[in-house]
Amino acid sequence: MQRSLHIVPELCTGCLQCEMACSYDNEGVFNPAKSRIKVFNFHDQGRFVPYTCTQCAEAWCMMACPVDAISVDAATGAKVVSDVLCVGCKVCTIACPFGTVNYNSTSGKVIKCDLCEGDPECAKACPTSAIQWVDANWTGLDRMRTWAAKTDAGTQATAH
Amino acid sequence: MRYVIVGAGPSGVIAAETLRKVDRSGDITLIGGEPGPPYSRMAIPYYLSGGIDESGTLIRKDADHYDALDIRYVHGLAESVAPADRRLTLEGGEAIAYDSLLVATGSSAVRPPVPGLDRPGVHTCWTMDDARAIHDLAREGADVVLIGAGFIGCIILEALVERRVNLTVVEVEDRMVPRMMNAAAGAMLKRWCEAKGVRVLTSTRVTAVEDSGNGGGPLRVSVDPGAPMRADLVVVATGVRSNMDFLDGSGVKTATGIVVDDRLATSVDGIYAAGDVAEGPDFSGGWMVHAIQPTSADHGRIAALNMAGRGARYQGSLIMNVLDTAGLVSASFGKWQGTDGGDFAEAADEAGYRYIRLAFDGDHLIGALCVGRTEHVGVLRGLIQSRVALGAWKARLQADPHRIMEAYLANTQA
Ligand SMILES: Cc1cc2nc3c(=O)[nH]c(=O)nc-3n(C[C@H](O)[C@H](O)[C@H](O)COP(=O)(O)OP(=O)(O)OC[C@H]3O[C@@H](n4cnc5c(N)ncnc54)[C@H](O)[C@@H]3O)c2cc1C
Ligand code: SF4
Ligand code: SF4
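Chains as they are written, first to last, in the numbering used here: chain V, 1 to 160; chain C, 1001 to 1414.
Keep in mind that the hints were calculated from the coordinates and are not lab data.
For each residue, glycine too, the CB sits at the ideal point set by N, CA and C.
Don't take each hint at face value.
To be verified - Here are the computed lysine-lysine pairs in the DSS-like style, where the Cα-Cα straight-line distance is at most 27 Å:
#, chain 1, residue 1, chain 2, residue 2
1, V, 112, C, 1253
2, C, 1021, C, 1061
3, C, 1021, V, 109
4, V, 109, C, 1394
5, V, 109, V, 34
As the list claims (entries may be wrong) - Here are the in silico distance ranges between beta carbons for each label pair:
#, chain 1, residue 1, chain 2, residue 2, range
6, C, 1255, V, 57, 32 to 40 Å
7, V, 30, C, 1344, 33 to 41 Å
8, V, 82, C, 1199, 31 to 39 Å
9, C, 1136, V, 8, 55 to 63 Å
10, C, 1068, V, 107, 53 to 61 Å
11, C, 1135, V, 108, 38 to 46 Å
12, V, 108, C, 1136, 23 to 31 Å
13, C, 1344, V, 57, 32 to 40 Å
Said to hold, decoys possible - Some chain V residues judged to face chain C by a derived CB distance under 8 Å, without partners named:
#, residue
14, 42
15, 49
16, 51
17, 59
18, 63
19, 64
20, 66
21, 68
22, 93
23, 94
24, 95
25, 99
26, 132
27, 133
Make a model of the complete structure from these sequences and hints.
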């Protein structure tokens, strides 16, 4: 059974534990700037919205990569960047309409959420359950997916 | 069904793979015009800068990939097409019958009519062969003159800087990347490159390339205005032309590229076109040759669906580019120039090499340009292409155009 990250912004207090856990686990540093999940701060409304790759079915990033450096992890369904194959061209960073693949100038490669091989650190680190690791068929995930469909440059008929 | 795809760049390869997904038993032939397995031109700069070897440029890494999908990959150059007989003829005379033909032949680099650009030591940078030649000549400390600071020129610039050559860039227009950058952003790029030790001559024309004397030695490049320069290598990046000559006499309608409709079909029944060679629907309106990787990928997929009878309509791709110029990253999307009477948002930090400009049409974002920002730039595509109604966020973006991610989330998720 595949699982997905489900984010409940209403529960987020902006503590950034998820960003810390993500950057530490993936990059070896406690540095929110290197996190693959990002908490957006709506100062004017006192609200916080954590956001990361939804592992969307369209996988714009993967489709655009010129050298096949992004592939689907069969176990988790995550779209995963290979550091060996990535040349750092950044085409995926403009192709993802959610802005969730980012260039890491230190490594010269891109980084994105890979679901931590099925055990996401952000969900474990979140003290308020604003990030939940849920069954992928759960209906609450639809909101993100609706917007993925709207960006479809091509067509309603896809070949997945 | 006999599917024939001419051209084995990203567009042709993705088309072949998509055909196999939707038609398990169809007969698929993929014809490449260059030796070796299909590769991505886009990866050439990284081969030049030493990040990857030639195998790193391959579109698919597994040597068995095409065989495993039962895609027949062959070499050859298309010479003519006879639509009445549904037959493609290759140079050398071999005839290939098709039921459905995809033209994905991309484009070729062209040299401007400047005397001496045919000399040894002068190279375009478009194919793997070109790349090998440049790899040999662009040694550390070599004098290199790059003609053209357009999008492709600037990408090559990056690779040449990495090779530690002594580089001069000559651009006839008044700024770098004129089609991707406005004056403010172009000036920032130029200032950055100069700070990195690259000589940038804008509003300058190369007038001749000559032998500097004893044959085989360095070249002498004359410019106007300015003094002549010595060069061990001249790289020409002044533009490309669609590879469609072999369609002469076929009845296929062409303009800048091969004109296709929203199914990627050409004017002739049974013939489709995709990628750099195709002049297709543009998301921002009208028809255009994009000549970028994401559009080629979109085209390949959608053309294949239609070839297999899946009736897929195409809303048009958004033109977008991302560029790394000696460490300064810039990106542009859609109609960053804006429309008549449309609103803008702009923020510049000259010292920090950061710039952003958003172009609106009423309540919608229609284009964007940014320099020095890599975080979440893709969301600019999302905002434009999903036609997000910005509401109160338009004013917020005008106050601080960097809040693009917040604008997107507030209007779509939260
Ligand atoms: C140096 C460089 C850097 C680039 N960087 C970027 C970038 O950063 N971002 C971006 O979006 N794009 C970039 N591009 C552009 C990108 O590579 C192209 O948009 C993409 O390759 C187009 O794919 P295509 O399949 O349409 O055509 P191509 O990749 O050009 O493939 C065309 C194929 O057709 C074959 N062919 C041609 N004529 C014939 C014939 N008569 N018969 C049979 N076969 C034929 C060719 O051999 C080739 O196999 C770059 C290009 C270059 C050269
Ligand atoms: S990075 Fe973007 S395009 Fe790629 S899978 Fe995630 S949401 Fe989709
Ligand atoms: S930056 Fe890396 S993963 Fe992204 S498109 Fe380029 S090569 Fe592929």
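Hint by hint, here is what the structure shows:
{"no.": "1", "hint": "V/112 <-> C/1253", "result": "violated (42 Å)"}
{"no.": "2", "hint": "C/1021 <-> C/1061", "result": "holds (19 Å)"}
{"no.": "3", "hint": "C/1021 <-> V/109", "result": "violated (30 Å)"}
{"no.": "4", "hint": "V/109 <-> C/1394", "result": "violated (33 Å)"}
{"no.": "5", "hint": "V/109 <-> V/34", "result": "holds (12 Å)"}
{"no.": "6", "hint": "C/1255 <-> V/57: 32 to 40 Å", "result": "holds (35 Å)"}
{"no.": "7", "hint": "V/30 <-> C/1344: 33 to 41 Å", "result": "holds (39 Å)"}
{"no.": "8", "hint": "V/82 <-> C/1199: 31 to 39 Å", "result": "holds (37 Å)"}
{"no.": "9", "hint": "C/1136 <-> V/8: 55 to 63 Å", "result": "holds (58 Å)"}
{"no.": "10", "hint": "C/1068 <-> V/107: 53 to 61 Å", "result": "violated (32 Å)"}
{"no.": "11", "hint": "C/1135 <-> V/108: 38 to 46 Å", "result": "violated (19 Å)"}
{"no.": "12", "hint": "V/108 <-> C/1136: 23 to 31 Å", "result": "holds (24 Å)"}
{"no.": "13", "hint": "C/1344 <-> V/57: 32 to 40 Å", "result": "holds (35 Å)"}
{"no.": "14", "hint": "42", "result": "holds (6 Å)"}
{"no.": "15", "hint": "49", "result": "holds (5 Å)"}
{"no.": "16", "hint": "51", "result": "holds (6 Å)"}
{"no.": "17", "hint": "59", "result": "violated (11 Å)"}
{"no.": "18", "hint": "63", "result": "holds (5 Å)"}
{"no.": "19", "hint": "64", "result": "holds (5 Å)"}
{"no.": "20", "hint": "66", "result": "holds (4 Å)"}
{"no.": "21", "hint": "68", "result": "holds (6 Å)"}
{"no.": "22", "hint": "93", "result": "holds (6 Å)"}
{"no.": "23", "hint": "94", "result": "holds (5 Å)"}
{"no.": "24", "hint": "95", "result": "holds (5 Å)"}
{"no.": "25", "hint": "99", "result": "holds (3 Å)"}
{"no.": "26", "hint": "132", "result": "violated (15 Å)"}
{"no.": "27", "hint": "133", "result": "violated (18 Å)"}
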